[in-house]
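Participant: Single-letter residue listing:
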Amino acid sequence: MKYILIVLSLFFSLHAVSQESFSIRGTLKDKQNGETLFGASVYLRGTTNGVVTNEYGFFSLTAAKGTYTLVVSYVGYEEITQDITLDSDKVLDLEIEELSTQLDAVVVTAEEPERISIKKPQMSVSKLNGSTIKQMPAVLGEIDVIKSIQMLPGVTNNGEGSAGFNVRGGAADQNLVLLDEAIIYNTSHFFGFFSVFNTDAIKDIKLYKGDIPAKFGGRVSSVLDVRQKDGNSKNLSLTGGIGLISSRLAAEGPMFKDKGSFLIAGRTSYAHLIMKGIEDLKEDKISFYDLNLKTNYEINKNNRVYLSGYFGRDVFDLSKIIKNNYGNASGNLRWNHVFNDRLFSNLSFIYSKYDYQIILNFIELDWIADIKNYNLKYDFGYYVNDKLKLDFGVSGISYNLNPGEVKPTSPTSPINYLKLDQKRAFEGGIYLSAEQSLTDKLSLQYGLRYSTFSRLGGQSMVNYQNNQPVVYNNELGIYEEGESIGETYYKKSEAIKTFDNFEPRFGLSYQLNTSSSIKASYTRASQYLHLLSNTSSVTPLDVWTPSGQYIKPQLSNQYAVGYFKNFKNSVYSLEVETYYKTIDNRIDYVDGSDLIGNNTIETEILNGEARAYGLEILLRKNKGNFTGWLAYTLSKSEQRTLGGSAGGPGINNGNWYNTPYDRTHDISITGIYKLSDKWSFSSNLVFQTGRPVTFPNTQYEYEGLSIAGYSNRNEDRLPAYHRLDLSATYTPKANVDRKWRGEWVFGIYNAYNRRNAASLTFGQNKVTGQNEATRLSIFGIIPSITYNFKF
Amino acid sequence: MKTYINIIIFLFTLIFVSCEDVIDVKVSEGKERLVIEASLDWEKGTSGNEQTIKLSKSSPYFDNNTNNNVTGASVTVTDNDTSTTYIFNDENDGTYTISNFIPVIDHSYTLEVIYDGETYTGKETMMSVTDINRITQSVEGGFDDELLEVNVYYSDPADEDNFYLMRYMEEGDLFPVLEDMSDEFVNGNEIHDFWEKEDDEDINEKPFEAGDNIAISLYGISQRYYNYMRLLIEQYDSGGDPFSSNAAQIKGNCINTTNEAHYPFGYFRVTQVVKATYTFQ
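Here the protein sequences line up with chains R and Z, keeping their order.
Letter 456 of the first sequence, counting from 1, is numbered 456 in the working numbering, and no numbers are missing.
Letter 76 of the second sequence, counting from 1, is numbered 1076 in the working numbering, and no numbers are missing.
This is chain Z alone, in the form it adopts within the complex:
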């Protein structure tokens, strides 16, 4: 909802705006923190045995060197319902992998990362996800009625609060497009989501055309992760514009039990996901 209001105001401002330009700004340098990208995603219909956790470090905001991989950490995940502990293998490139993980819906999992003498933990419950009913393409829908968009339909279960993360990525693109969704206004209905690309050179975007391949992932996520991603997506898309919420440090579900002040960035998520690909006709 908030996003849509931002769109209105953004569109409106565009009409009046004389210019946008990139300028040099001095920003302060924040503390270096561990970044935990622990996304245990279980694709429906697969075993989910193979999982990867990424560890890296944060860097100054305008720093160009993004190789901040963290190696030498100890990474384990424990299934709290079965007390099984899974030990992840350090691949020495910032990733930690496992090939015998057993995902179970509604089980609670605890992540433990030990790095540089400090222990980080996080806890999350595996959420299930509904299936994608169908994927279509259209021209009339979306924001622009002359450009192609892809439509994704899925049925929201009525008897519970559900939260979703949608991830779109076109083959060859540098960055994915993420969308957060809650069933707050649409509980129990078939939810319709769409993705349309604009014709905008500045952001390296070209409208879809026949033959374009896109990958679509629909994740069933926890409310806490939804809150986290909602904020993260809003800040990523519009960090600092006066009509978005006040920018603030986003805290995930991982804590540093050795030193509270050294809290990490990132999130420990355990989700079920349905994946699909679509080729524009």
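Excised from the complex, chain R in its bound form:
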């Protein structure tokens, strides 16, 4: 803390010496709808003075007294220039106009291939904004940002129908997913088929695969920063779409006499409506919905408040057997305050919750579990001078986890009431980071995050013989539960265990010439919450658990080096990155672990380590009627779990084994061709090495059944995954007199009907008694049609 203050005061004194310079600050907005724009470049032509707008569209530039041409550029928007004479501090609110005529499209781009991004130290970022996911082919026509980012290098998932995504060989729970700063604990609907983000409500999406800015903490692999639209502040508008699985409708418009705006967006599936009409299914229900809300109010030029909310739910109800529902809820109240021309601040109070319920009628059991947190954070952006920008802030998150509560559903149920220990924890963070241009060519970004985590009392903890929750049984060669030697009760005011970590973040860019640069970065991050899942795919029913006495926080170190080049007048861009990542204290589960309803999870896990490395290449064509990209990733992701204090060799005999996210090769090609004002076409081609799995290698008879013996963990692979998707977008000529604009999107997913194996199940044929391998393929060729409109 003391060091932070010293560093801070150093910067302030730096600022004091730069006299005779003035600042320009303001907010950048979209001309049509008044949405603030995040990540646009604002710079003075012919100088090195330039900044990128922040999450709220805010920018502040400093330059010596003089006359300049101010340039604002943003992908998908018309570039604007404005001559200004800088003889005093200026406030300038700017608006730029979108180029595309498409409806709210969202395009997957990497960091914009612009002057500033070549120069900026920030690397390992994928960004989605502006125009076109709506044009990309999607399964059943359901536009899905999480599926779209998987078309970029370094991002995969565990196959169709599996929840979450994996970044650079990391697990799904190692991604910090934020929706308007609120943590989203489960990103999928329908057990993983679709994502929870309704594209009509989303303004932009940024994925940090590495080089994570110091303001983010709490997860070791990546940050997916999703921001909702503020709502159209110019006029009332309706956006929507009708698809095969779900329909969307969003209303937005100005409020408070143009001092604010609102957005309400809803999305719902409607399979359950069709099911109602089917005699056998009419009591069953399978559905999901999302509701996104946002409103903001500008109190004055320097103060603005935002309120945003999200509520989503899945319902899966087979009336006679199972009822299951789960979902996220979040809310965020924010206050933007501009202290002065150089100091921007945002205070947020955030709530998020994820919960699920299962009712198993046939055994008369009702199960609920949830995790919720309150988060207070205060972030500052200080534009010291044209060479230096500082970001600093603090945050505190209070967690409350209810890992499970079991109730009988009827008086005659055999089930006993059971509540697993409620868990509480507090996570604090403080950070300072600087972005500094040292010379014309060399820029740095460096920062330090200090995080602390306390597992709080209010519960008893089991103590184990020799402090070993897991013990290796030498004789049998298996891991077993340690022997309990009593419990210790911790008071609510007491911390059971406290951790703290310094997390340095460092990045640099060296500009080779105006169109190319090399960048390097180092990120250290810690993660205090872990998702318990001993299956290869995470499910909505997995529970989170905090670090504590027996579970250590995960710590990652990631090193990355990259080469970035724009060529042919920025029509093409090339990004090559290579990374090496290590993760300490990655938990893994002993063979045969049972995590459900388990109050002493520590008896099932061992602390291991993981490492991942790879090469990512992204070649893009950014302009013209044909745009698109080729992404290639060559990578390795492994983990190792030694016996440690439990003794014994560890999992898989203590040898390194592939994580389920290891993909040696991953190639994605996306192309979008605009034929005319009416028609555009796009396609995806994906090829991936198969997912690592464990195959049986022997059989034996036991209890009259053929039982499989298995080879080493994740030593085998599913067959390679590949598919081609096609889509066409037809935009009828808009009637000049009418505001209504519509477009049809026709898609074919998996065009050549590849039977990709989602899994291979090994078992005994019940007729012949022979062992066989059964391939489960989820999506064959699937045509779809979606109608999108704007009014």
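Because the hints were derived from the structure by calculation, they are not lab data.
Below, in silico cross-link-like pairs of lysine to aspartate or glutamate (EDC-like), each with a Cα-Cα straight-line distance of 16 angstroms or less:
(1) Z:K1206 with Z:E1196
(2) Z:K1251 with R:E480
(3) Z:K1054 with R:E703
(4) Z:K1057 with R:E703
(5) Z:K1026 with R:E715
Given chain R, work out where chain Z should sit, using these hints.
Facilitator: Here is chain Z on its own, set in the frame of chain R:
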């Protein structure tokens, strides 16, 4: 519990799934191991004198030849509380039998198998089992409310952790159905278990109908054997599906004392069992 969650996800996937098919997969060939199926089951109300132990060898996963009987081994079981040793007789067909075994609840037993110059041992304690209270049939219960199922009720003792193995088999069926059960969520209550057959040609299954005969066995088992069977049943039913636990080699309670690496498959269990038959009305 885990099983039920698998069911949910499985049902869910079915809705979306376009297809399942059997394909050829190359698998590696694991080490050949001795398989010890030493199940000393004492049926309540009988003397339990007659017992059989089966020895066989494992074979490559897709191998069709399942005749891997092991003959010529020496098989003994010792009652550690009385130091009585029972010598099993080699029947030369992979089974080893005895007709004067004396089972005693809570006694600890040690199995010793000597085969091919290597010694295998295992140790287990005889567990008692509660009685079956009643067996009924119904249509409304179970997963499908139009198909017949059999219901088995038994009372779990409240003052201890209990583990059960349930074995169902219909007359004429090729394979038994095994279920593992712990009293974790139902301690001290009357436990209800049911078995319902689906109408599914692919797995050679037809719903129950009047006149069908089934055999029901309820075993009282040790926690370690419960852990073993839970894993074995899960892997048997859903080996490799992404929502089941990572598949792994299952190790029983028998070890090779000559060469640790040559550990055997199978288990040495000593249980009490209640058996019943039921004919659907």
